[in-house]
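The listed protein sequences correspond, in order, to chains S and V. First residue of the first sequence? That's 1 in our numbering, and the numbers climb one at a time after it. First residue of the second sequence? That's 1 in our numbering, and the numbers climb one at a time after it.
Keep in mind that the hints are not guaranteed to be accurate.
As the list claims (entries may be wrong) - With the Cβ distance kept under 10 Å, some of the chain S side facing chain V (calculated, not the full set):
1. Ala144
2. Arg146
3. Gly160
4. Leu162
5. Arg165
6. Asp168
7. Val172
8. Gly174
9. Ala295
10. Gly341
These are calculated hints, taken from the structure and not from any lab test. C-beta atoms are modelled at their ideal positions from N, C-alpha and C, and glycine is treated no differently.
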Amino acid sequence: MITGQAHAGDVEVTPMEHTPVNEPAEGAAPLRTADGVGNRPRHAVVARVAIGLAILVLASLPLFLAPYPIGLAGRILAFALLVVSVDLLTGVTGMPTLGQVAYFGTGAYAAGLVGIHLSASGVVQLLVGTAAAALLALVTGAVAVRTSGIVFLMVTLAIGELTHRVADSLTVVGASNGLAGIPAISVLPGGPPLQLAGLVYWWVLGVFLLGTAVAVLVVRSPLGRSMRGVRDGEKRLRALGQNTYPVKLTAYVVAGGLAGAAGTAWVAQTRFFSPGDLGFDVAAFALLSVVLGGAGTLWGPVLGAFVVILVRDWLSAYVDGKGALMLGVLFVVAVYTLPRGIAGARWRPRTGRATGAGS
Amino acid sequence: VIAWLDANSLSMLNGVALAAVLFLIAVGLSLVFGTMDVLNLAHGAVSLTGAYIGVALLDRGTTIPLFVVAVLAAAAFGMVAGTLLAAMTSSVGDHLRQALLTLGVALIAGDVLREIFGADVESVSAPASLGGAVSVFGKPYPMYRLVIIGVSAVIAVLLYLVLERTRAGAIVRATVADRAMVEAIGVRTNLVLGGVFGAGAALAAVGGLLAAPILGAQPGLDDTILLLALVVVVVGGLGSLRGALVGALLVGQVQTLGVALLSDYASFLLFAAMAAVLLTRPRGLLPARTGAH
Numbered sequence: 001m002i003t004g005q006a007h008a009g010d011v012e013v014t015p016m017e018h019t020p021v022n023e024p025a026e027g028a029a030p031l032r033t034a035d036g037v038g039n040r041p042r043h044a045v046v047a048r049v050a051i052g053l054a055i056l057v058l059a060s061l062p063l064f065l066a067p068y069p070i071g072l073a074g075r076i077l078a079f080a081l082l083v084v085s086v087d088l089l090t091g092v093t094g095m096p097t098l099g100q101v102a103y104f105g106t107g108a109y110a111a112g113l114v115g116i117h118l119s120a121s122g123v124v125q126l127l128v129g130t131a132a133a134a135l136l137a138l139v140t141g142a143v144a145v146r147t148s149g150i151v152f153l154m155v156t157l158a159i160g161e162l163t164h165r166v167a168d169s170l171t172v173v174g175a176s177n178g179l180a181g182i183p184a185i186s187v188l189p190g191g192p193p194l195q196l197a198g199l200v201y202w203w204v205l206g207v208f209l210l211g212t213a214v215a216v217l218v219v220r221s222p223l224g225r226s227m228r229g230v231r232d233g234e235k236r237l238r239a240l241g242q243n244t245y246p247v248k249l250t251a252y253v254v255a256g257g258l259a260g261a262a263g264t265a266w267v268a269q270t271r272f273f274s275p276g277d278l279g280f281d282v283a284a285f286a287l288l289s290v291v292l293g294g295a296g297t298l299w300g301p302v303l304g305a306f307v308v309i310l311v312r313d314w315l316s317a318y319v320d321g322k323g324a325l326m327l328g329v330l331f332v333v334a335v336y337t338l339p340r341g342i343a344g345a346r347w348r349p350r351t352g353r354a355t356g357a358g359s
Numbered sequence: 001v002i003a004w005l006d007a008n009s010l011s012m013l014n015g016v017a018l019a020a021v022l023f024l025i026a027v028g029l030s031l032v033f034g035t036m037d038v039l040n041l042a043h044g045a046v047s048l049t050g051a052y053i054g055v056a057l058l059d060r061g062t063t064i065p066l067f068v069v070a071v072l073a074a075a076a077f078g079m080v081a082g083t084l085l086a087a088m089t090s091s092v093g094d095h096l097r098q099a100l101l102t103l104g105v106a107l108i109a110g111d112v113l114r115e116i117f118g119a120d121v122e123s124v125s126a127p128a129s130l131g132g133a134v135s136v137f138g139k140p141y142p143m144y145r146l147v148i149i150g151v152s153a154v155i156a157v158l159l160y161l162v163l164e165r166t167r168a169g170a171i172v173r174a175t176v177a178d179r180a181m182v183e184a185i186g187v188r189t190n191l192v193l194g195g196v197f198g199a200g201a202a203l204a205a206v207g208g209l210l211a212a213p214i215l216g217a218q219p220g221l222d223d224t225i226l227l228l229a230l231v232v233v234v235v236g237g238l239g240s241l242r243g244a245l246v247g248a249l250l251v252g253q254v255q256t257l258g259v260a261l262l263s264d265y266a267s268f269l270l271f272a273a274m275a276a277v278l279l280t281r282p283r284g285l286l287p288a289r290t291g292a293h
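All chains, full assembly: derive it from the sequences and hints.
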């Protein structure tokens, strides 16, 4: 794919930070400006203010929304964190995945089982769910990340579908009926259960912000650099003597853990989880949210997730169940009008570039 | 062994019949990927539309001429749909955005089909004269399924001959190998690619129609067909005619014989088999050597 050997000689070990060719969303990614090549202080300030405002708006939603829209907003946030985990692999590391639903479901079921049998504490559920998902990601990822491109996409599809079917037949988690009767969470063990929709929503928002912060830190860390290096020129990294397998596996485990955290947040919000919540369509919509938002930027896919769920679940209620149709129209229009996703809408660079899918 | 074969021969034959249909549907997906590098997620929707064309045309009694008309109608529809999709995807280079676009088209198509034909399961009857049973290995077996196997085998041979023995096939293979060179000798490669896309979609629509008497037609079937076809294509090897054939035979057997023998694990078998193949042979069982073989 990349014929980087000619360059390979004159670049030192971490070459990617000054490789301008394949840095999508440079400057289009306020969350990432600190790691960029040219510092754009004005953008950074604007971005910080925008993010601060967004968090403020999200946090104040319970003050003026009814319980149902608040529940929807909570589900959107949980889904958005799942989408962030997909972006971490698809956009940042260049490994398009349909398998994150497996870890999302693992986190959700683990949290639900803990809630029913052990502890109503959200903190405990978050920790257990995240750990369980990360563990499953370690075991499955150890094999999956040996592949790349379309084959990786199909292997992760297999992981997602197999998990879906295990959930569908395992009686411990309610099989096809789903896991019901999950008690309301409390924050700390023994604390009062959160009954008000707004309080539950704040918990979900907290998990979302925590998970996204972890993703941002990872992207800015040396590991994040290596991940972008894998995306932009894995062969070149290999030629420089860097073993890319640990990078990809670590990214996979981190993303799995984040998806698990998203699952615990989803269950905290809905107090119910069924195999349908980790089906192929959820996997597809999570991946498409990333593409719609702008792969590789973290905030774009979050917006993509908002748009997808709003159109599918909220807008469709007003147009008589035409959610799928409107989503289809949205996807088709977005491909032509937003070549680099929502994130690239305003700062559209002059040159287009094929992102890492397949090839 | 003889007793085992005897007990499972019908399962295996069912597997071959399923493989015949899957091959017709998957080969288009595979060739389009091989020649155009386009991942067409609307392929299942095209196929399901073929099945619904059967529902629309064959609702009162089916004769062989009428069935042939339906097949031709499905092929014509597929040709048009494929050409349109080729035009739509020609400016979209990246696989993920192709996925976004074609899945968007699939969602729209699925909703339109549901609007026209309703959400219920529709059945399509096989032609009356093919509706009987014939004796296979001393047991009765639906004649229609044997006919499907025969038709699919004929189409497979024709496809192979066209690709390997004709000038058009040579141009297609050359386009896969080096598009710029083919352009340089005066061939409009866009037309070649549109033609391959149209032919692939036509095969998918015909496959969907032929499968309709067995699988029926209902919303959501497009996703199932798409997933099965994707599995066939990656297991066999992207862009490869023989790969699609081998992949279809394998998936057909896994879905029938495997399910009959290991019914407890039925729902895991397909994806476990796919994962096993991909992890041992990442490029599939019979990957294309230089192009569409």
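Against the structure, the hints come out as follows:
About 8 Å separates the beta-carbon of Ala144(S) from the nearest beta-carbon of chain V, less than 10 Å, and the hint is met. The criterion of a C-beta within 10 Å of any C-beta in chain V is met by Arg146(S), whose closest approach is roughly 7 Å, and the hint holds. Hint on Gly160(S) holds. Least Cβ distance to chain V is approximately 9 Å, under the 10 Å limit. A least Cβ separation of about 5 Å between Leu162(S) and chain V falls short of the 10 Å threshold, and the interface hint therefore holds.
Hint status for Arg165(S) relative to chain V: holds, with the closest Cβ pair at about 4 Å, below 10 Å. Nearest Cβ of chain V to the Cβ of Asp168(S): about 7 Å, under the 10 Å cut. The hint holds. With its C-beta approaching chain V no nearer than about 17 Å, Val172(S) sits outside the 10 Å limit, and its interface hint is violated. The interface hint given for Gly174(S) is broken, as the beta carbon of that residue sits about 16 Å from the closest beta carbon of chain V, more than 10 Å.
The closest approach between the C-beta of Ala295(S) and any C-beta of chain V is roughly 7 Å, which is under the 10 Å cut-off, so the hint is satisfied. Interface hint at Gly341(S): satisfied, since its Cβ lies 9 Å from the closest Cβ of chain V, which is below the 10 Å cut-off.
Checked against the numbered hints above, the structure breaks hints 7 and 8 and satisfies the rest.
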